[in-house]
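Put together the whole structure using the sequences plus the hints.
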Amino acid sequence: VTDQLVSCFKWVEGSYSFKPGAGHSEDFVPLRLSLPRILLDGVTKHYSQRRIESLVPLEYESTIRASSQGLVPVEAMKLTTFEARLFAMIRKPNTLGRLVAQLGMEREQDIYRSLFGLHLLRYVEFEAKKRRSIPIGRKSHSIPVADEELGSSEATPEETPPKQEEPSQSVE
2 VTDQLVSCFK WVEGSYSFKP GAGHSEDFVP LRLSLPRILL DGVTKHYSQR
52 RIESLVPLEY ESTIRASSQG LVPVEAMKLT TFEARLFAMI RKPNTLGRLV
102 AQLGMEREQD IYRSLFGLHL LRYVEFEAKK RRSIPIGRKS HSIPVADEEL
152 GSSEATPEET PPKQEEPSQS VE
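Under the numbering used here, the first residue of the sequence shown is numbered 2, with each subsequent residue one higher.
In short, the hints are calculated from the structure, not lab data. This one's a predicted model, so the numbers in the text were calculated from it and none came from an experiment. Misleading hints may appear alongside valid ones.
Here are the simulated SDA-like cross-link-like pairs (lysine to any residue), alpha carbons at most 25 Å apart as the crow flies [said to hold, decoys possible]:
id: 1; residue 1: 11; residue 2: 111
id: 2; residue 1: 46; residue 2: 109
id: 3; residue 1: 20; residue 2: 46
id: 4; residue 1: 46; residue 2: 108
id: 5; residue 1: 11; residue 2: 107
id: 6; residue 1: 46; residue 2: 81
id: 7; residue 1: 11; residue 2: 51
id: 8; residue 1: 11; residue 2: 78
id: 9; residue 1: 79; residue 2: 26
id: 10; residue 1: 93; residue 2: 106
id: 11; residue 1: 79; residue 2: 40
id: 12; residue 1: 79; residue 2: 62
id: 13; residue 1: 93; residue 2: 61
id: 14; residue 1: 93; residue 2: 78
id: 15; residue 1: 93; residue 2: 73
id: 16; residue 1: 11; residue 2: 93
id: 17; residue 1: 20; residue 2: 36
id: 18; residue 1: 79; residue 2: 38
id: 19; residue 1: 46; residue 2: 85
id: 20; residue 1: 11; residue 2: 34
id: 21; residue 1: 11; residue 2: 82
id: 22; residue 1: 11; residue 2: 50
id: 23; residue 1: 11; residue 2: 38
id: 24; residue 1: 79; residue 2: 10
id: 25; residue 1: 93; residue 2: 47
Below, the structure is given as structure tokens:
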């Protein structure tokens, strides 16, 4: 039954219904399930890094910290060895980039999945760097840049003259 519930996290879209007070069949067997564990397993097994990034804007500079507001005591969660190690690493604020560097690039997707699952359970808080866009050249494209990357100069796009293109030379 747990595997069937966890497999629901494969769904990208779908529907279900819940009817409060609806009876159950005579062969109903009550189960003791850990809903937080099912949620964490569902996310870590079936959510792709791309899907998580579309839901939470995590960047390598994002500050990540443990929260004391979890839905159940973290000790009751029965974290896997990897999840427990990751959680210990964010008891003091850390960044996604440092976590990936410490745990290895080959674990990057596991890190994203575990952090997102723990975030849904309110064990993890994310804080993205304040970012803004600056223009690139004369076109309307822009790239996000952290404030500290701009340095002390607070030039606005109107104050920054467009870069002149040098004439091209042809060789015959």
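If any of the earlier hints don't hold here, list their numbers in rising order. 3, 9, 12, 16, 25
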